[in-house]
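*Asks:* Please assemble the complex out of the two chains, which come individually in their own frames, going by the hints.
One line per chain: the protein sequences are A and B, in this order.
At position 181 of the first sequence the residue is numbered 181 (the working numbering), and the sequence of numbers has no breaks.
At position 107 of the second sequence the residue is numbered 1107 (the working numbering), and the sequence of numbers has no breaks.
Treat each hint with caution, since some may be false.
Said to hold, decoys possible - Cut-off 25 Å, straight-line C-alpha distance, at most; resulting in silico cross-link-like pairs (DMTMM-like, lysine to aspartate or glutamate):
no., chain 1, residue 1, chain 2, residue 2
1, A, 354, A, 338
2, A, 214, A, 230
3, A, 80, B, 1420
4, A, 80, B, 1324
5, B, 1278, A, 189
Claimed, not checked - Just so you have them, the derived chain A footprint on chain B, three or more residues with Cβ under 8 Å:
no., segment
6, 1039-1051
7, 1461-1468
8, 1472-1482
In short, the hints are calculated from the structure, not lab data.
Virtual Cβ for every residue (Gly too), placed ideally from N, Cα, C.
Next come the chains, spelled out residue by residue.
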Amino acid sequence: MVMHIVDRRLNPGSKSLENRQRFLRRAKALVQGAVKKSSQDRDIKDVLEGGEVTIPLDGMDEPRFRREGGTRDMVMPGNKKFVEGDWLQRPNQGGAKGSGAGEGDSEDAFRFVLSREEFVDLFLDDLELPDLAKRKLAETESEGIRRAGYATSGSPANISISRTVSRALARRVALRRPRKDEIETLEAELAECDDETRRTELLALLEALKAKAKRIPFIDPIDIRYRRFETVPKPVAQAVMFCLMDVSGSMSEHMKDLAKRFYMLLYVFLKRRYKHVEIVFIRHTDRAEEVDEDTFFHGPASGGTLVSSALVAMNDIVRTRFRPADWNIYAAQASDGDNMTSDSGLTGQLLTDKILPVCQFFAYLEVGEAANYTFDMPDSSLWTLYERLRNEGQPLSMRKVSERGEIFPVFQELFKRRSKQERV
Amino acid sequence: MGSSGELLFDGADWDFQTLQRVHDACEKIARTELGLDVYPNQIEVITAEQMLDAYSSVGMPLFYKHWSFGKQFAFQEASYRKGLMGLAYEIVINSSPCISYLMEENTATMQTLVIAHAAFGHNHFFKNNYLFKQWTDAEGILDYLEFAKGYIAVCEDRHGRETVERTLDAAHALMSHGVDRYPGKKTLDLRAEEKRAGERRQHEEAVFNDLWRTVPNTKAKSKAALTAERRRALLGLPQENILYFLEKTAPRLAPWQRELIRIVRHIAQYFYPQGQTKVMNEGTATYTHYRIMNRLHQQGRITDGNFLEFLQSHTNVVFQPEFDDRRYSGFNPYALGFAMMQDIERIVKNPEDEDRDWFPDIAGKGDVEGVLREIWSNYRDESFINQFLSPALIRRFRMFHLHDDPAESQGIKVDAIHDERGYRRVRRELARQYDVGFVDANIEVVDVDLDGDRRLMLRHTTVKGAQLNETDTRRVLQHLADLWTYDVALTEVDGTDKVLKEYVVSPRAAAVAA
Chain A
1 MVMHIVDRRL NPGSKSLENR QRFLRRAKAL VQGAVKKSSQ DRDIKDVLEG
51 GEVTIPLDGM DEPRFRREGG TRDMVMPGNK KFVEGDWLQR PNQGGAKGSG
101 AGEGDSEDAF RFVLSREEFV DLFLDDLELP DLAKRKLAET ESEGIRRAGY
151 ATSGSPANIS ISRTVSRALA RRVALRRPRK DEIETLEAEL AECDDETRRT
201 ELLALLEALK AKAKRIPFID PIDIRYRRFE TVPKPVAQAV MFCLMDVSGS
251 MSEHMKDLAK RFYMLLYVFL KRRYKHVEIV FIRHTDRAEE VDEDTFFHGP
301 ASGGTLVSSA LVAMNDIVRT RFRPADWNIY AAQASDGDNM TSDSGLTGQL
351 LTDKILPVCQ FFAYLEVGEA ANYTFDMPDS SLWTLYERLR NEGQPLSMRK
401 VSERGEIFPV FQELFKRRSK QERV
Chain B
1001 MGSSGELLFD GADWDFQTLQ RVHDACEKIA RTELGLDVYP NQIEVITAEQ
1051 MLDAYSSVGM PLFYKHWSFG KQFAFQEASY RKGLMGLAYE IVINSSPCIS
1101 YLMEENTATM QTLVIAHAAF GHNHFFKNNY LFKQWTDAEG ILDYLEFAKG
1151 YIAVCEDRHG RETVERTLDA AHALMSHGVD RYPGKKTLDL RAEEKRAGER
1201 RQHEEAVFND LWRTVPNTKA KSKAALTAER RRALLGLPQE NILYFLEKTA
1251 PRLAPWQREL IRIVRHIAQY FYPQGQTKVM NEGTATYTHY RIMNRLHQQG
1301 RITDGNFLEF LQSHTNVVFQ PEFDDRRYSG FNPYALGFAM MQDIERIVKN
1351 PEDEDRDWFP DIAGKGDVEG VLREIWSNYR DESFINQFLS PALIRRFRMF
1401 HLHDDPAESQ GIKVDAIHDE RGYRRVRREL ARQYDVGFVD ANIEVVDVDL
1451 DGDRRLMLRH TTVKGAQLNE TDTRRVLQHL ADLWTYDVAL TEVDGTDKVL
1501 KEYVVSPRAA AVAA
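The following block holds chain B by itself, in its conformation from the complex (with noise of 0.2 Å):
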């Protein structure tokens, strides 16, 4: 094929060779060009439909069975079919090979685009950012679902629909505080992971041996009290992950029932970087198709008016409302993060006196695919608004910073906007929105005596006074209790420790564990 000035296509309509053609001529930009690093693409043409099915089920093509999946399907759809909303273009997985979901209601330019963005923006950062690196297994994940769909199934059939789902359901409301937030355990290998539920069932399988039920117990043999401080460290508290907690130390659960609450929590931990490189994925992606596109148009391989079409839905992408817009809700991350490559990229290229004294690392550097290659790989969204948003993009933005003190009668106050004051407070306050150990609730196990009463002690420290919902708080405490079998306390203290709120709730009669 040739390499430049021949059309990719033609118009809106696109067959499988268009694709081929699209993914070639991408691909050549993205490695020479850019220098990406990419996982082996597989690209999956699907209906509107099958595009519903799988937003419900967080976007994966296989999934376990569960009805709050099914009520997500009811309410999307609803809401799809009432066209308030329109649905993405495309789905793209962190897998190896990197599935990329493509409409085919789609035109022949939104393919290209979706191509550039998904299948080679996306795939580069999965591939390359060291918090995909640390906790996720790109290689292992869709085997791995592929074994927790079988191995629900089996419990089902087991144990019954309605004893999975209660398990199930009390492991998704602490879903939240079921991940690792800091790397030391050894990184997660999912393949393995499928091979281990079937040894520790074997190894139960080789031990039991029904006569051990009949032998009298004999009188626990005294043991010296283990000091309130030596219990804990023993259990390996304090513990921010409840799942793994309960997971490892909750006294009545059946095996299969931990199984569960592993699945849960690998899950959970699957989906953990995504939430944290929201504004850098989507940037990364943004600013790969707006290069790649460019480029194809400059070859010419891309007409006049398919480049318009393009432009236009890039830039619906990357609208960001103000705040004052009935359309606010919060930064748009494909329009802050595209701002920020762009930006970056100007500064790597011409500079101006004041980027010089704000990033002399990259100021002037030129080498802007080399500098953004190692942002790309080496930072989180708050640790790359920290380092990267420059007084330039703030006044572009017009960015401002609210303080709201609910004890402060004046109203809220203006902390600072986009002058030469402002803007490392700005810069600081809008990278702590991103910053996960603010955005969770801190919630620790902190201590359980399993000689004693084995009630489980939780605490949550609050951040700037905010506290827990009540409402909810109750019921994932229920959920929490259900699973333990025995009471559950939750102690909400501020920074000094002092009380602010007590939860105590037991175990409901018919509880999941028997």
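One chain only, chain A, in its complex shape (with noise of 0.2 Å):
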């Protein structure tokens, strides 16, 4: 008999993909809980790859009759010393009647493995960006064309034929516009007609319509019709986000490391929303430099701390490199809240007379010691001016970090979906 192989491995394969979307929008507010959970004692770099959650099984089973208690019969193998009329003790008295139910009992939670990509969606659906970007998004917008309809006038190269061909049909049948075949019939007959009166009933009815085909046209101005085009506001979709960071020597590794999180946080989450992110590090002490990523983390770095030269650094990069017409900037400032006292007038009217008007989002993270986070500490000169300036209206986030683990719910904080008026 003939026998056929087939080889299925280069099939695409996940064909399970689409149930697994399904199993998860199903089970959407669960999983998203389950992804938050995990995701607040886990490292970025983990919660990026994916990984396992654990949901409840509620309201994602499926019933089915079945049954449980009774009287049960049971054939088992393996016996050793029973002989018949034999009495053995229940398993565990109090819950007999659990293992009694059987195979049909569900499990009560349920674990299985997200994709890389499922978890960032899941992890951050909930979030948008600050509704004071989308104001900025109306001012930057670029022109596109898509197709409207049809028009009367255009280009040649637009006439759209078949419309034209079928409105030149429809006013030809409107107007009985004589057929070729029916002339040609006519025709026909006369050449073979020898009657008199009729030929000339015929003559004068081929003239008639010969006329009235002449009067008819088979196409005519009015017909054509072009496609025509609109053009249409196209948001911008490329962002650049500033990184900036006091690297002084008062800013210790765990410090840098709580704003790298960050920094990670923000570049995934700006990347989803654009096609195309541009990331500018600057770090600062009392002056400050544009400089690549390892240097940023890495590169040691000493002096005071002037904060206003990273945003004198930041404004230059935005004129030459960044139009405001053309990206949407991000910006994000770590630092441990260190500045001199004399800075704070440059800084603040760096600020608000140059940074913030172009920003759509301008962060403030302030990191602090692990160790020593009191609630006591008073404020420090950074954080104060800030929120002097944020209570002037400005618009600033900001917040305090000092755990790994709180990273998740500031982020989630500052972006969470929110009621228009209010401000971080």
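*Replies:* Okay, here's the thing in structure tokens:
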């Protein structure tokens, strides 16, 4: 008999993908809760790798009629010492019912693995860019074109043949333009006709028809239609993210680590909203410089602290490379809060006049040492300054963080969907 | 190719030529020596991921989309990744041609084992067992699944994914009560099903006349009140196939919803024989691969090393943990089935006096293959065990019967063991464990007054005092009420018609049927 061997290995995999997505959609609320919970005590890198979550089975179950209790008879293998008529103790009297219910019992929790994309999607799902971003977006639009129906005028290149012909056909039918075969039949009849009266009749008829055909053109200018295009505003699809960090001696590794986590989250988040995301790293002591990522986080530096230097540097970069009209600008600043008191005035002025007007979002993250975090600590000079600016109505977001575990909640709090007027 | 002596393969590697050689060698033994009669074979090589895919859609190569399969997949993938679960070496589908999936990771020996097991053992069983002949349509199943998948996708486009999902959820909940348990209806012709669905749709379109909607209703002719008896007879009650009843009688279902229920019902029916023949099916396949592998080894077509590899996996497959073992979870159908097949072989070939007493028909008959083929064709697990479980095997497994009556304070009674007095009782009780009549709750639609309040009445006749789990039952009834769109009542009665418990469930506001 003929046997066929089929190699299915090259078939597109993940046939179950759609079913899986359906399942995730269905369990969305549950999974999201689980993702939040599991992300609290994880490193960023792990989170972005996806991972296993556990959700309760409630609501996800597929009920069936199943029976429990009653008299049960079982046949089992492996008798060693029982003889007929023996009595056996029921296993742990209290929970005997449970053991009796048998294999139909559903587990109370359900564990499964989420892929990286699924995890990040769910994690960031109820976050959104703050409202002020939209105001900016409206101003920084470029234009695109899209099809928009038909027009009676336009460039010959845009003539819609099918539309034109169908309109011509409708017109010809409505005005009863004689058809070609109609005329041909008459002519054929005329050619064979001997009867004189009939001939004149036919001739007159033909004449009339031909005249009518001439009067009613096959295609009339009023039939012609052009494909119409209209321009639509297109939101700018690129963003630049400025990472500003104080690298003076007072910043410990732990603090830098916290800042790094925040930057990474912000990057992932922006990446989901914009096609193209650039990152600019600016580190500063008492003077600022643009550096690459590695130097930013690990390069040694020392000196005093002048926040304004970083803001000046950022402003220069914006002016030269990222026109606010073309770019969505996001900035996140991390610092331990130290700043020269004399610098406060300049910093405040730079922020209010230069930086904040061009930014969609400016977040200040004050990082603290894990061990000596106390609530009694007086607000740092930078915090005090920023708080004052915020109270004046500047769109600044600020948070204090001292533990790894706080990064996620803080991030979520900053970006969570909120009603219009609320400010972070 | 040489018939004997020539090695089929050496080592663990294989390619498609190897598979072809192995198949041909197995086929020769299967046909000439065992006399098997099989559907044409189609062997498909798949990856582990594809195997997981297949797992989550009950092993079928194509299936409609539903979230519950996604849940299955997520669950299985998680346990597979953690190493809790090994994957099956193969999946075989009762279709013609008979499709066997082979994992690419398998060694050459394993592929041989799997081909002998699935492509010949299971295949023969599918083609010849009376239950499969009666209830399944191997020729039509793949086309039907294709149709079902397409139909459901179209419904989702037309009526929205959620509505379709709700209907399927409800139908799935009732799936175990959507099979005809007794023959008498026409055998299924799944190929015609697709055509009939199309015809039904066309007919609806053809007879649809918008005018009728606007004609004022005349007053209903006063019907002579039907007697309850007559009414039930007209509806074909009592009816144990709840899905069938819904499809035909539910007052407010849209035609496409009826079609969905029909699809779920047909699929349930297709799998119905598999649940009743686990022991026999696996027993047949295991016995077949054991015979074929041994013969191949004898013929010198498998090296000793490869044969040892085979023996090791074979031993794993037919391992039966004892009741007090941590790994025990009931009888292993492979172990029990294989042991019984071998035992029958022994009885037919060299019976002892005891066997002659117990099995006068087959003892010493000599024609092992003939007797086995006969058994494979005409029995299901329950009747098979009831007839062919021998005292020798009861002793070998040291089987015993426990009787657990909750009313009995002394505990669980050892009712019978592997001795002269106990053989028959042990055998009867074991057979009962495989009786579908006992495995599924006996629930029937008993009455509905379509002219009155339209409340659907169900009855569960309890067996040995086992009642339904309340939480789950309420959920299932909720699904049922949503499809029925009127109240649904379930009464649990014992053998003497004494009412034990009553449920009444009303449809949810946003019911499935609009």
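*Asks:* All hints are to be evaluated individually against the structure, with a verdict given for each.
*Replies:* Hint by hint, here is what the structure shows:
1. Taking the CA atoms of residue 354 of chain A and residue 338 of chain A, the gap is near 22 Å; set against the 25 Å cutoff, the hint holds.
2. For the hint pairing residue 214 of chain A with residue 230 of chain A, the CA-to-CA distance comes to about 38 Å; that exceeds 25 Å, so the pair is violated.
3. Of the pairs offered as hints, the one joining residue 80 of chain A and residue 1420 of chain B holds, with about 17 Å between alpha carbons and a cut-off of 25 Å not exceeded.
4. Our distance criterion of 25 Å between C-alpha atoms is met by residue 80 of chain A and residue 1324 of chain B, whose separation comes to about 10 Å.
5. Only pairs whose Cα atoms come within 25 Å are accepted, and residue 1278 of chain B paired with residue 189 of chain A is rejected, the gap being roughly 83 Å.
6. Counting residues of the segment 1039-1051 of chain B whose beta-carbon sits less than 8 Å from any beta-carbon of chain A gives 10, enough to reach three: the coverage restraint holds.
7. Restraint check on the segment 1461-1468 of chain B versus chain A: 7 residues with Cβ-Cβ distances below 8 Å, three needed, restraint holds.
8. Counting residues of the segment 1472-1482 of chain B whose CB lies closer than 8 Å to any CB of chain A gives 5, so the stated coverage by that chain holds, three being the minimum.
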